[in-house]
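Peer 1: Protein chains in written order, with the UniProt record's numbering: chain A, 1 to 331; chain B, 1 to 331.
Each hint should be verified, as a subset may be incorrect.
Identical copies go unnamed one by one, so any copy, or any two together, can satisfy a pair.
As the list claims (entries may be wrong) - Mimicking SDA-like on lysine to any residue, the simulated pairs with C-alpha atoms at most 20 Å apart in a straight line are:
no. : residue 1 : residue 2
1   : LYS158    : ALA44
2   : LYS235    : ARG159
3   : LYS158    : GLY49
4   : LYS158    : VAL317
5   : LYS158    : GLY47
6   : LYS158    : ALA35
7   : LYS191    : MET1
8   : LYS191    : VAL69
9   : LYS158    : THR34
10  : LYS158    : ARG48
11  : LYS158    : LEU33
12  : LYS235    : GLY170
13  : LYS191    : ARG2
14  : LYS158    : ALA13
15  : LYS17     : ARG251
16  : LYS191    : PRO138
Don't read these hints as lab results, they were simulated from the structure.
Just so it is clear, the structure is predicted and the values come from calculations on it, not from any experiment.
Okay, here's what each chain looks like letter by letter:
2 protein chains.
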Amino acid sequence: MRYSDAGVSIDLADGVKSRIGRIVRSTFTPRVLTAPGLFGAAFAGVGRGEVLVASCDGVGTKLTVAGMVGRHDTVGADLVNHSVNDILTLGARPLFFLDYIAASRLDPAVMTAVVGGLARACRSVGCALIGGETAIMPGWFSGLDYDLVGFIVGSVAKRRLIRPDRLVPGDVAIGLPSSGLHTNGYSLARKVLFERAGYGVEERLPGLRLPLGRELLRPHRCYLPLVHQHLHRVKALAHITGGGFYDNIARLLPAECSCIIRRSSWRPGAIFRLIQQAGDVPDFEMYRTFNMGIGMVLFAAPGQVDAITNSIPGARVVGRLVRGTFGVSVV
Amino acid sequence: MRYSDAGVSIDLADGVKSRIGRIVRSTFTPRVLTAPGLFGAAFAGVGRGEVLVASCDGVGTKLTVAGMVGRHDTVGADLVNHSVNDILTLGARPLFFLDYIAASRLDPAVMTAVVGGLARACRSVGCALIGGETAIMPGWFSGLDYDLVGFIVGSVAKRRLIRPDRLVPGDVAIGLPSSGLHTNGYSLARKVLFERAGYGVEERLPGLRLPLGRELLRPHRCYLPLVHQHLHRVKALAHITGGGFYDNIARLLPAECSCIIRRSSWRPGAIFRLIQQAGDVPDFEMYRTFNMGIGMVLFAAPGQVDAITNSIPGARVVGRLVRGTFGVSVV
Numbered sequence: 001m002r003y004s005d006a007g008v009s010i011d012l013a014d015g016v017k018s019r020i021g022r023i024v025r026s027t028f029t030p031r032v033l034t035a036p037g038l039f040g041a042a043f044a045g046v047g048r049g050e051v052l053v054a055s056c057d058g059v060g061t062k063l064t065v066a067g068m069v070g071r072h073d074t075v076g077a078d079l080v081n082h083s084v085n086d087i088l089t090l091g092a093r094p095l096f097f098l099d100y101i102a103a104s105r106l107d108p109a110v111m112t113a114v115v116g117g118l119a120r121a122c123r124s125v126g127c128a129l130i131g132g133e134t135a136i137m138p139g140w141f142s143g144l145d146y147d148l149v150g151f152i153v154g155s156v157a158k159r160r161l162i163r164p165d166r167l168v169p170g171d172v173a174i175g176l177p178s179s180g181l182h183t184n185g186y187s188l189a190r191k192v193l194f195e196r197a198g199y200g201v202e203e204r205l206p207g208l209r210l211p212l213g214r215e216l217l218r219p220h221r222c223y224l225p226l227v228h229q230h231l232h233r234v235k236a237l238a239h240i241t242g243g244g245f246y247d248n249i250a251r252l253l254p255a256e257c258s259c260i261i262r263r264s265s266w267r268p269g270a271i272f273r274l275i276q277q278a279g280d281v282p283d284f285e286m287y288r289t290f291n292m293g294i295g296m297v298l299f300a301a302p303g304q305v306d307a308i309t310n311s312i313p314g315a316r317v318v319g320r321l322v323r324g325t326f327g328v329s330v331v
Numbered sequence: 001m002r003y004s005d006a007g008v009s010i011d012l013a014d015g016v017k018s019r020i021g022r023i024v025r026s027t028f029t030p031r032v033l034t035a036p037g038l039f040g041a042a043f044a045g046v047g048r049g050e051v052l053v054a055s056c057d058g059v060g061t062k063l064t065v066a067g068m069v070g071r072h073d074t075v076g077a078d079l080v081n082h083s084v085n086d087i088l089t090l091g092a093r094p095l096f097f098l099d100y101i102a103a104s105r106l107d108p109a110v111m112t113a114v115v116g117g118l119a120r121a122c123r124s125v126g127c128a129l130i131g132g133e134t135a136i137m138p139g140w141f142s143g144l145d146y147d148l149v150g151f152i153v154g155s156v157a158k159r160r161l162i163r164p165d166r167l168v169p170g171d172v173a174i175g176l177p178s179s180g181l182h183t184n185g186y187s188l189a190r191k192v193l194f195e196r197a198g199y200g201v202e203e204r205l206p207g208l209r210l211p212l213g214r215e216l217l218r219p220h221r222c223y224l225p226l227v228h229q230h231l232h233r234v235k236a237l238a239h240i241t242g243g244g245f246y247d248n249i250a251r252l253l254p255a256e257c258s259c260i261i262r263r264s265s266w267r268p269g270a271i272f273r274l275i276q277q278a279g280d281v282p283d284f285e286m287y288r289t290f291n292m293g294i295g296m297v298l299f300a301a302p303g304q305v306d307a308i309t310n311s312i313p314g315a316r317v318v319g320r321l322v323r324g325t326f327g328v329s330v331v
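Whenever a hint applies, use it, and build me the whole structure from the sequences.
Peer 2: As structure tokens, then:
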């Protein structure tokens with residue numbers, strides 16, 4: 001028996017690796033010190049007084065939609081932008097990124113599209129895609145072709161590290177518009193739209209500009225360019241991902257401090273209304289599963305609000321911190 | 001419909017997260033600046049003159065064996081040790097680690113065992129487990145329960161960064177013993193042992209001290225404690241993982257420099273002989289799939305060899321670099 005009998009072709013993998021090597025080199029910054037293909041990647045260290053900020057995420061079952069539509073160049077942007085937003089909540093800017101792709105079999109065209117998407121999103125924020133792992137595991141997945149995971153490291157001056165412990169009752173919650181579902185809630189969205197309602201990915205539905213599949217694949221918005229010049233005005237940032245408004249705001253709240261979000265302050269996009277109607281999903285469930293059109297919530301003292309809302313398109317006050325221990329309430 | 005109807009329970013996930021939070025805190029070093037549970041984790045930066053070294057890896061289908069045996073506390077050590085070895089090849093010591101666990105459903109006992117294993121392995125090398133992601137994706141996997149991926153960042157003084165470009169013909173290859181298959185070749189091993197030979201995980205086989213399943217689960221050896229005091233004597237290190245001797249040594253070789261590995265210089269352990277016999281696997285295939293009992297190869301100038309082999313148990317000369325363009329030859 002040979003390894004290829006077990007479904008793993010090292011030769012094919014080597015071919016893809018070299019193509020991927022060329023793509024990732026296009027993201028390299030002068031601080032990348034090693035060529036692709038070693039056991040690890042070296043990156044010129046940050047200065048004293050800088051803090052590293054790291055985060056890890058996957059794309060989740062949005063990958064299933066990518067497979068249904070047959071389009072694999074957008075999920076890379078989802079992953080990179082999700083990760084950039086995560087470390088942005090601590091005030092950090094991206095330095096480098098690593099990806100992990102696991103698949104039952106190696107499809108060179110899909111792999112190249114995925115890594116091309118990762119690289120494009122990395123380049124647009126000056127982040128070097130310095131490494132990664134492609135794991136071919138025969139028989140590993142059912143119902144989809146691959147998993148995609150990313151790790152990001154960024155940095156911020158220690159005195160600018162954003163710690164939510166400065167939040168106090170009276171601070172204002174400012175919502176920034178999302179571009180769609182971003183990267184969360186796809187298990188529920190797929191069940192409602194494809195299983196219960198029986199829609200197909202090519203379906204044209206009222207209120208949606210694109211066919212349903214493409215609408216669901218809209219890439220996760222990157223908030224770095226919108227937010228970075230306001231970081232000194234902001235006390236905390238909640239990235240509205242898995243767990244929706246409840247979990248993602250709750251993890252920032254100091255003791256005795258709760259948050260009221262007023263949903264009348266914005267109108268969720270058509271895709272969210274469609275899911276809620278088609279699935280008969282209760283409001284509470286919607287706001288703890290989806291971003292409902294608000295992908296990032298900034299918290300700032302009242303005196304800082306105008307400067308932020310006047311300069312970020314679509315930014316608006318969506319709630320307020322109050323004294324209390326109820327946590328997060330969406331009213 | 002609710003999110004839990006789609007197979008995702010956020011409440012259960014929150015319970016596990018808090019238990020995992022307590023476990024990961026046990027790995028925290030004074031340089032960890034944030035509590036678990038934020039969107040990212042902050043780590044005190046490295047000094048000027050230090051270089052960051054990052055790597056990413058998965059456990060692969062060794063996880064399937066863990067599922068067959070019903071033991072989930074060893075795969076964490078596999079992942080951490082594999083990662084520590086990868087960055088060790090550039091001379092780096094670990095700073096922090098993040099993990100990604102994807103599962104079709106959340107099994108709190110399995111999850112706690114996995115993270116407990118990660119944390120133990122991290123503590124033993126002074127590495128902080130600062131973050132991670134648990135993704136519940138219903139219907140995601142067939143034939144196994146979860147995937148486990150890790151991401152490590154370490155550092156090394158810039159002048160001590162190991163770059164293999166100093167290798168020259170005449171340099172000596174020194175092999176360090178592995179503890180078993182480590183984390184590679186499990187697709188082939190499982191096919192040969194369980195499908196073709198029909199063995200069970202409880203099987204007691206000649207030459208193996210433990211039942212077959214436990215033998216296959218032996219944790220990946222961590223070479224940091226053995227090697228770190230010799231890093232100044234070493235020109236390059238090859239971690240013998242996926243691709244075996246061929247791919248992992250080839251990626252280090254400068255142009256005009258090739259490597260001859262003499263397999264008569266050590267005897268592969270019983271597990272490798274068992275796989276080769278049961279699967280009728282050609283020699284070439286064995287040495288490019290498995291580590292064959294040598295998990296790390298150090299390359300050093302001849303004058304440094306005795307100092308290394310005299311102080312690392314089991315270390316022995318296994319080959320040599322020669323002028324040539326054939327790459328790697330196992331003779």
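Peer 1: First find the shortest C-alpha distance between LYS191 and ARG2 inside one copy, then the shortest across copies, and answer within, between, both or neither for a cut-off of 20 Å.
Peer 2: between (41 Å within a copy, 10 Å between copies)
Peer 1: At most 20 Å between CA atoms: does that hold for LYS158 and GLY49 within a copy, between copies, both, or neither?
Peer 2: Classified as both: same-chain Cα gap 5 Å, cross-chain 18 Å, threshold 20 Å.
Peer 1: Reference check for the pair LYS158 and ARG48, CA-CA at most 20 Å: within, between, both, or neither?
Peer 2: both (9 Å within a copy, 15 Å between copies)
Peer 1: For the identical chains here, do LYS158 and LEU33 meet the 20 Å Cα criterion within one copy, between copies, both, or neither?
Peer 2: between (24 Å within a copy, 10 Å between copies)
Peer 1: As a check of your reading, is LYS17 near ARG251 (CA-CA no more than 20 Å) within one copy, between copies, both or neither?
Peer 2: between (39 Å within a copy, 12 Å between copies)
Peer 1: How do LYS191 and PRO138 come out at 20 Å by Cα distance, when the copy is not named: within, between, both, or neither?
Peer 2: Between copies, since 11 Å is at most 20 Å while 27 Å is not.
Peer 1: Is it within a copy, between copies, both, or neither that the alpha carbon of LYS235 lies no farther than 20 Å from that of ARG159?
Peer 2: within (13 Å within a copy, 40 Å between copies)
Peer 1: Checking an output row: LYS191 and MET1, CA cutoff 20 Å. Within, between, both or neither?
Peer 2: Close across copies (9 Å), not inside one copy (42 Å); limit 20 Å.
Peer 1: Within a copy, between copies, both or neither: which one fits LYS158 and THR34 at a CA-CA cutoff of 20 Å?
Peer 2: between (27 Å within a copy, 12 Å between copies)
Peer 1: What label fits LYS158 with GLY47 when the C-alpha limit is 20 Å: within, between, both, or neither?
Peer 2: both (11 Å within a copy, 13 Å between copies)
Peer 1: At most 20 Å between alpha carbons: which applies to LYS191 and VAL69, within, between, both or neither?
Peer 2: within (16 Å within a copy, 34 Å between copies)
Peer 1: Give the relationship of LYS235 and GLY170 under a CA distance limit of 20 Å: within one copy only, between copies only, both, or neither.
Peer 2: within (12 Å within a copy, 60 Å between copies)
Of the numbered hints given earlier, the model fails hints 4 and 14; all others are met.
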